[in-house]
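A.B. asks: With chain Y's structure known, arrange chain V on it following the hints.
Number of protein chains: 2
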Amino acid sequence: MDRRQAKELERRYRSCLLESVVPFWERYSPDWERGGYLTCLERDGRVFDTDKFMWMQAREVWMFSRLCSRFGAREQWLRIASLGAEFLRRYGRDGEGNWYFSLDREGRPLVAAYNIFSDCFAVLALCEYASVTGQSWAMDLAVETYWNIQNRKAYPKGRFTKQVVENRPIRAMALPMIQIDMGRELAGHHPDPRIEETIERSIHAILTLHVDEERKTVFERVYADGGHPDCMEGRLLSPGHACEVLWFILQVAAEREDRRLIDRIADILLWTIRRGWDEEHGGIFYYMDAEGFPPEKLEWDMKLWWVHVESLYAFLLAYFWTGRKELLDWFLRIDAYCWDHFDDPEHGEWFGYLSRRGEVKLSLKGGKWKGFFHLPRALMLGADLLGRIAGEGLTSASGGDEEAAVGD
Amino acid sequence: MDRRQAKELERRYRSCLLESVVPFWERYSPDWERGGYLTCLERDGRVFDTDKFMWMQAREVWMFSRLCSRFGAREQWLRIASLGAEFLRRYGRDGEGNWYFSLDREGRPLVAAYNIFSDCFAVLALCEYASVTGQSWAMDLAVETYWNIQNRKAYPKGRFTKQVVENRPIRAMALPMIQIDMGRELAGHHPDPRIEETIERSIHAILTLHVDEERKTVFERVYADGGHPDCMEGRLLSPGHACEVLWFILQVAAEREDRRLIDRIADILLWTIRRGWDEEHGGIFYYMDAEGFPPEKLEWDMKLWWVHVESLYAFLLAYFWTGRKELLDWFLRIDAYCWDHFDDPEHGEWFGYLSRRGEVKLSLKGGKWKGFFHLPRALMLGADLLGRIAGEGLTSASGGDEEAAVGD
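Those sequence lines, one after another, are chains Y and V.
So this note's numbering is basically just the index in the first sequence, starting at one, shifted up by 283.
So this note's numbering is basically just the index in the second sequence, starting at one, shifted up by 283.
It is worth saying that the hints were derived from the structure and are not from the lab.
Hints should not be assumed to be uniformly reliable.
Same chains, same label: a pair holds when it works inside one copy or across any pair of copies.
[To be verified] Only pairs whose alpha carbons sit at most 35 Å apart, straight line, appear in this in silico DSBU-like list of lysine-lysine:
1) 651 <-> 499
2) 608 <-> 580
3) 290 <-> 440
4) 499 <-> 580
5) 445 <-> 290
6) 580 <-> 436
7) 436 <-> 290
Chain Y extracted, bound-state conformation (with noise of 0.2 Å):
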């Protein structure tokens, strides 16, 4: 990529987010009469369900506050964030500390803390809102909400739990994968070598037991010892989530400035996404089966908008950090599969569910799942390393190795 084309995709990856996503949310999502957000949108903003989805409630928590960090602490985002902190500290724990599903719009609970990633967005919101505002409760929570989770982690669900774990003792990519980004958000305010384990730990399980470098797959869930039940769940692969995982783990590999496992994370993301690509009508699948049998899902062969921005910015950046052009390639193919299919030009932000054909097949904006997190986070990733690109180019990231200037 050269500069000029960096620059002009920095330019776009720029104006969508603070022209198009930013103010979509903005405008229809802040409940000012209850507090919260109404995150289920039809394409137009329309509210279709007042329900307050707790991973929704965080997350765009999260991204306000994110934004006020990396863009200055703009009033109206900071009310906004605060509109949802505020929320979440009033309505969002049950006795026990673990963090409700879903509340009604008042914040009454319609569904129980079944799900432990409720609390690890909790903990992603509490502290990056702490962080903009200053606010100590929210730290604390947020902190409070980290231990808690890492005390339920063995047995997430709780009595929720239908598997029978003991004859089918199966780890789920999930849970690591979250710890990594959790505790990389978390000791980034509030350092802790306990934080810095549990990250190495979850960056280790994956690598060793998700990622099977022999049969070139990155399994979503695995026993213990990295096996592999020839059953539905224990074949179902992911590759957007797999894409994911992959970019959380490149972050710290670049940190360190491990090169080999940045040339490691480039291989896996490569045979990741020419599994996963569909060849015939373009973009990702969401689920697969390892032995191409029948995934258990049917919604398997849908185009979903995470997966495609959560695999855009692997890509970039595993292109930033090796300037290997294979992947700057991918990321240029999935950049044109998004904006052709995605993006809505005539009510701004995006789309969420395409069937395989491309098609729009859920009008939606915002909804149960889709709200105001992984396209927001991908544009502000993605523009921010697009403008390293155009303003330092490739070579000094990517340590001017040959390939990068193939790349270049």
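C.D. replies: Chain V in isolation, oriented as in the chain Y frame:
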């Protein structure tokens, strides 16, 4: 429909049942080594998962037993029914007598008894199995399970309940719906006025709470007073589910020769299919939102075999009892869609999961949720009804009203 057409359709339905669907499951599904059934079957019968999902196990016991009741007790069908019934007896229940959701191939529990429908299908299975074999243990266990369900039904998920019911006291249609079918099956062999009462109450609940005549809508979930929470879960519609429960009720209405109820069900079926039919690509949507907002389910626009075969039989039955031409037209329209899209002439049986456009999305013939149940049941019941029309004509059943003459 004239008698000749009915005869032709009868032949097609019966030959699909006995020459395509039944042989497929006879051949690939019995697990002669470990007991029970293998239900995760690829297009050509290859097994892709050996887990034993109790819905599928129980339904297959029911269906093979029912084939014996209908066509005479063939040795092979009895052997297969016994293989499943003994597996259910030996491994199916936990210490409290609740039925597991899934087991591994050897019968070890994998997913706990969180799902009361496992129990309901066990009642169907054991009752029908007992009736063809005279095995009293099976009838005893069916009756015991039936009463256990009645004891659990107010809190059917027990400790696994995530919903905070007091804050949104909604009731789902699925439980009263299966009470009708299960109650009728059991009461047929084990008469009990309390079972009849439960059937009656369930029909009443569905017709007064879930069916909304004013809005011409069958709601999946409603408040106990019939009100509708204005949120995704409150607005969810499932046209195939509605058609299935409507034919359960229609059977009762026909037995009672309740012409008013028969006509009312026919009307409800018509407005259900008019809304549920995909005018653009044909077929019936899986899920919809009552107000046209994006449904909660990503797979909402897929075309599922069970949705279509349940609707197919519902319209045939309603036509049989009323002679209304509009019902016949819909029956023929659904029939054409089914044979054009679901039938697999190459390997037998039907595909289960199509895209909105009718393309095969999952090539499986059986899986975690598709087994030996909806399709053979609809073919068997449909062929018998078509046989009656071919033999006696329509007017005798429909009471010879004017519309019937037009339809006939």
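A.B. asks: For every hint, state whether the structure bears it out.
C.D. replies: A quick look at each hint next to the structure:
Taking the closest pair of Cα atoms, residue 651 and residue 499 come within 35 Å of each other both inside a single copy (33 Å) and across two copies (27 Å). Only within a single protomer do residue 608 and residue 580 lie at most 35 Å apart by alpha-carbon distance; the minimum there is 34 Å, versus 39 Å between protomers. When the C-alpha separation of residue 290 and residue 440 is checked against a cutoff of 35 Å, the pair qualifies neither within a copy, at 46 Å, nor between copies, at 56 Å. For a Cα distance limit of 35 Å, the shortest separation of residue 499 from residue 580 qualifies both inside one copy, at 22 Å, and across copies, at 32 Å.
Neither within a single protomer nor between protomers do residue 445 and residue 290 lie at most 35 Å apart by alpha-carbon distance, with minima of 51 Å and 49 Å respectively. In this homomeric assembly, residue 580 and residue 436 come within 35 Å of each other (Cα to Cα) both inside a single copy, at 26 Å, and across copies, at 29 Å. For a Cα distance limit of 35 Å, the shortest separation of residue 436 from residue 290 qualifies neither inside one copy, at 43 Å, nor across copies, at 62 Å.
Checked against the numbered hints above, the structure violates hints 3, 5 and 7; every other hint is satisfied.
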